[in-house]
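Student: All chains, please: the whole structure from these sequences, using the hints.
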Amino acid sequence: MHTSILVFRNFRYLKIAVGLVLVAIVAYVIHSPLGGPNGGSWLGYTLGTLGALLIVWLAWFGVRKRRYGVGKLLLEDWASGHVYLGLSLLIIATLHSGFQFGINVHTLAYALMVLVIASGAYGLYAYLRYPGLRSLNRGEGALGDVWALVAGMSRDCYEIARDLPDEVYKLVEDADKNTALGGSVWRQLSGRDPNCASTRALREIRKKAESYTDRDADAARRLVRVLARKVELLGRIRKDIQYKALLDIWLYFHVPLTVALLGVLAIHIITVFLYW
Amino acid sequence: MAEHYQVAIVGSGPCGMSAGGRAAEKGISHIVLERTDHLSDTIFKYQKGKHVMATPDILPLRSSMDFEPGTREAILGTWERQTQSLGVNVRFNAEVTAISGQKGGFALKLKSGEEITADNVVLGIGLQGNLRRLACPGGDWDGVQYQLDDPDEYEGENIAVIGAGDAAIENAVALSRQNNVYIINRRDECARAKDGNRNLIEAAIESGDITCYYNADPKSVSPGKLTLTVADGEAEVECDRIIARLGAIAPRKFVESCGIEFPSSDPAALPELSPQYESNVPGLYIVGALAGFPLIKQAMNQGYEVVEFILGNQIKPADEPLLEEKFKTLPGNRSVDEVITHIRENVPLLRGLTPLQLREFLLDATIHVPGKGDVIFERNDYTNSFFMIVDGGADIQIDEKDPNVKVTVGVGDFFGEIGLIAGRRRSATVVAAEPSFMLESPRRSMIKLINSVEAVERAMNEVALVRQLRTYLSPHLTDEAIQPVLETAEVRSFKSGQTMFKEGDADEGVYLIRKGSVTVSRRIGGKDIVIAYVPAGHYVGEMAFLTRARRNATVRAAINTETIWMDSDRFRQMIEASPQLRGEVERRLLTRFIEGESMHARPDAGNIIQFLVEQGVGEATDILLIDETLCVACDNCEKACAETHGGVSRLNREAGPTFNRIHVPTSCRHCEHPHCMADCPPDAIHRAVDGEVYIDDSCIGCGNCERNCPYGVIHLSAGAPKKPGLFSWMLFGLGPGPGENKKWNKAHKKDDGAPKVAVKCDMCLNIPGGASCVRACPTGAAIRVSPEEFFSLSELAARG
Amino acid sequence: MEVLVRYLTKKRDGAISARDELVVCEAVHFGRSTDNEVELPAPGVLLHEGVLHKRAGGMFFEAAGDARANVTIDGQPTASGPVQIGSRIGIGPYDVVVLPPEGEAEIALSVELVRPVGDSLDSLRRNSATRIEQVGIGKRPLAWGALIVVLLAFLAWPLIETYVIDTGDHALSRNAIEVAVKDESWPVAGDIAWLTGAISGPHKFIARNCSTCHERPFVKVQDNVCAECHADVRHHVDPKEHDLPELTTALCQSCHKEHQGVEPITRKDQAFCSSCHGDLQAVAANTKLEDTTSFGRNHPEFRPTVVADPVARTFERVRLDKANWPVEKSNLTFTHKKHLNPQGVLVPGKQERRMMECADCHVTDEGGLGFAPVEMEKNCSECHLLNFEPTVPTRRLPHGDVEAVVNSLREFYGDLALRGGATVEEAPAVVRRRPGGRSLSEEERLEALAWADKAARDAGERVFAKSVCGTCHQVSRTGDGPLDYAVAPVLVVDRWMPKGRFDHSRHNAADCATCHDAADSEKATDVLLPQIATCQACHGGETAAQRVPSTCVSCHAFHLDFHEPMRVRAQAARVEGE
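Residue numbers (the numbering used here), protein chains in the order written: chain L, 1 to 276; chain D, 1001 to 1800; chain X, 2001 to 2578.
Think of the hints as simulated: they come from the structure by calculation, not from any bench.
Pair by pair, the computed Cβ-Cβ distance ranges are: (1) E2246/X <-> L22/L: 28 to 36 angstroms; (2) W60/L <-> E1788/D: 32 to 40 angstroms; (3) W2144/X <-> W60/L: 13 to 21 angstroms; (4) I2085/X <-> A1235/D: 34 to 42 angstroms; (5) G152/L <-> C2025/X: 30 to 38 angstroms; (6) L22/L <-> G2278/X: 28 to 36 angstroms; (7) G1077/D <-> W2144/X: 49 to 57 angstroms; (8) R203/L <-> D1140/D: 50 to 58 angstroms; (9) W2144/X <-> V114/L: 21 to 29 angstroms; (10) V114/L <-> S1728/D: 25 to 33 angstroms.
Over the 12 angstroms line for every Cβ pair with chain X, so calculated as not near, a few chain D residues: (11) T1117; (12) V1405; (13) S1786.
By construction, the Cβ of each residue, glycine as well, lies at the ideal position given by its N, Cα and C atoms.
Tutor: Structure representation (structure tokens):
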């Protein structure tokens, strides 16, 4: 029923990738071209072509993913293949280079490719790890319409704080007006908000409440409880935002780097034939 | 001396108006009496700008007035103009309170007290009837209204909704989005409402979105305040507005008061009419919804025809050519009337129908003329149409393994009722035994038939019972073996969640589930743990008498369920009689033991069943489940859905409950008995051979399905604007991206009048390769399964 | 008193709904909390904002202590002041307007929320950003940016620099070095980023200008470029005998791969040769060469080129074979054995014996690769003096010319006879007289010359027929006349194995005897070469583990001088160049 992309179709794409890599390695070992292994030998060209095709195919995933209701394969086929063949590319391209690295556009292409694969590897890790944690954090039943929930609590706070001294009411207002979920990229990734208005309000009000008596006292108690619930909820939401951010962030490297890679790859191919 | 007309037309709806139009054309003296101050109140009450369709498309329009699809305003406008130009004599605010007399001398009493006499009377009052008004002091406050055009009109108000019917609930729920809503219910539950709406309102009350006063009666109304008498005295509700949905005074009483008879007490039953729409009272004609023809076009045609009839012109009904077309395929070209009479003679089920009903029934039906050996339908097809044999006969192959085990049915018999009842796949393959003539009618018209002719249901049940026993127990049961069981067997229905029997009860019989499904639970560690889910086609309760013990588990209906109850002893005798059955029963018993035991060890798996059953998986045939440990929230499923369905997604991934990592997004479950099909005026909702429930183009956007769906998976939507190609988005961010549905250039911003139609998951019926949402899930988090599959122990074990 | 408070709420459609409330109080208190007569529950309102009194002659509004900032009367920020019908008191987000009294109410007020401080939901949404796409730059701009940068830096700029800015002619010509050096003026070549690998050492001097070799885009480097310098590269085989496309059509670079690092780009691998020489019949049916794939394993025995006929100057290649060892017919008579006599050899003149060694005669040439030819004058004459008159031991004969020898004899004795003073016994008196004094008579002169002639003849006999020439040469008479002699011409090969390169200087660790068994050689015809086994004792094939790995090219050259130039095309190109 549910199968992750790693075990998908019981490792079909892993098998393909491994097969590909083995063939490449064997060919590399037995083949000894003029002046040592290099991209210019027939094997070099073969591996190069294979690598280039792989890169283009892998990049095409971005398009295929958005082509719906077409093709015989599931998108999961593509994803699974994307993962395993993407990793195999690391070896194939290295063999293509014949370990000849230098400070030039060709090695740049290689470096970009490595970065893309690295970011992809993180992505895979994230995809395998965070959804579970996220689900755990949400607990039974989705968080629901968190906005309404939080806003609702703010309103409750106002209601409760109505008859409380202005100093408390000010805090409640502050907690309502200045509480934020997420924020800058870093905020989202960190999953917490060091100066969260609500947390501050809770802290302050709690201090003040100690000195209150009778009507104010139990209003304050109710207020503190609502605020506490709100803060707890905010925490959960922020964690949720964090997980989502961790799930998304890598694409901001993976995709642009891929595009750059495609550019450099084109240059690599053009120039080696420009100066044949 | 009261004014006298040749024809008095009551009601200015499509039919009344059309009749008036024709009368005016023909220049005969007539009057159209309209209760309200405007034409065609029903359509007038549609939501603003609502797009009205002209279905059925095949039916030609025959009327002095024009009618084609368009906005409510446009259509009303046209009619307005044409009644003027034709010089139709309409009298507004003229509510008819009584009709007496007979042909040539009818007397119509108006509310205003005046009286009108006419030779003939045409009743075109539809089914809406008169809205009940708030009868308590102050009820005339202008803050009190009896309908709600656009719920979004109001916000931040205190609104009291009075009533517990569907209309009231729908309004209350819609309003609660922006307002603070109270619902005032005369009883202690919303019994009258459809399940879907009941769940809605109960959820809303649960969550505190709506405050409900049960057993409350409006005592008095003063501006801004509503006083109620409740169980413990009085309650005051501060409200800026009161919406009273007290239902309508069904026209039936009024109609009967005119001397017209109904065939059954069933509220849905229709009066008997002659082919000329003439009721049992000569000179009193009934047309339109009241005659069982809810569609505008039909009504208008009848309006036209009825006038012709009154003038004595025996014109053929508008559907004549259609029927001719249908009957073409039949051998020996007989006239339509001949065929109809032939059918009437041969098919007892249809004898109870009036010629009109029969005609309409046949319009919906499909004619089959299979040759010997032609397959009518295959086992496991997901069709739920119903077949009647007019000529010839058919073989029902009841044994999967051996096609030679078959029951032969002949002229007048019917088949397909099991699928119709259970709403599940066909349980047998049916082959024409000889060249035959069969009628296939869709589920909808069968239900209509059953409602209007009691005999049909009875006849069907008797036959169904036997066949179901055979199909579900063992094909080899002889009639002698079954007979004793049949004598006492009876159909018992259970509401969703109702208990059939409890753990520890004494054995009192075996239940064969013929519709719906049940959960089997056992008390483990002080709480009920579900240990099994049993769908239709299986039986429960055999364990007790086979083991000669008390009930060792509790069985509850997962959804509204129908069972065939059988007496234990007779059931035992039947088993003894048939060795195959005995083995069969024993086998199931053992597997159930095994499953039960291993479920003991894995309560969480049981909890999953429990949870999913609560989510209505019980009545699902196919449901979308998301494994949260795999879902990366990329929403590609939603995008895929939108992109493969005109830019509008039918699924909401995030919404919906989660349990033990299994998330049930709001997306169609393709129920066994789809709630959405319940009342669809143009019959636009169908079930495909593979079970997909889909809406075809004839949707008129009435929104009934949206309201009836308990799972909120249907919504009204105008198609999304055309997008530029994928690459221009990917490269340059042009227009909306996949799944996005925003008006992205001026042209789109302008056209807002686009007709809204109901959209729902069709399981990508027309897309090779199956459900796009699943195919577009990159991580394999989304799957579509049928409950049986999913509840298979192995699967649950994998999760436990 | 009674106060009518009318709460106004504006709806979306602009309509205003009013809710009246009648309160009985002494003074009307405004504020958030429920103990006020007029409750103002919206955010931004203080617990107690102020109070409205009724006094003689009018109403007076008085803001609560800490509310001053919050209150305006008719738009004026003020703590307190008189108010009358129509006055507008602003309290936080609310406006309170004093209305004309209605019914029994003495004061009528309308309260409306006119400056709402936004809804909690809005503010929350406004403050929040829960998805990365909502903040920072999106993937698309990033991608475009990256793409444009790389395209500019690594495609556009190099192209422009190479084909637009730096249009100078980098074509290599006879004075290639200057071309390369001149370019130092230009900072950095744009296409440097395209360099696929280090250029071989010998070519580094032209590394700066790719276009020097890469003349036309998308065209492989052509031979004419190489031919600019490597003008005279010869064929491996004679194309007329063996037409082998892989040799005649291949480009230089199909064997010589550049950009593989600093090592020279000649091919060393054995496989390169063995691919043909492993089975020559396959490629050249009529070859005389034998197959080999590895020096270590199956290299054929050496076939030195030796003199077949010194007179006709013909040579032959004879395999080194113990059974019939090749002989070199050089017309010399010489024995290494005598010369390398362990007791040494007698040095005439000085009464001493001297040990001789190879280097006394065999001196490596300046290249150090081969040896300088052995010459009589340089290497032999110290011992082989060529003197003939015992009484005048210092007098020597010339070498290499019979005529000269005869003339030298005649001239010597003639002079002696006429001058007198000879110490020879049997010579007549006139020859023995004291030199000087009176001049000779005719008779005396004739007698003296007769003697001289005889003496010369006798000496000739000795020199030719007996001791001197005959020692090394084969002397024969050419007629009956006195001194009619001839010396057979001598011919020695300078390299026994012209197709193989052997660098003696790199083997000087071993002494000569290791390979050349001269000590026992008694005849000049001996070919003092070791058999291949001797080499294989130290040298193995390319992959040898226990031997010096030696590939074909260690000894053999690919381009063979004695064939015609390899690339006719290249030649042509060069001619045009000049």
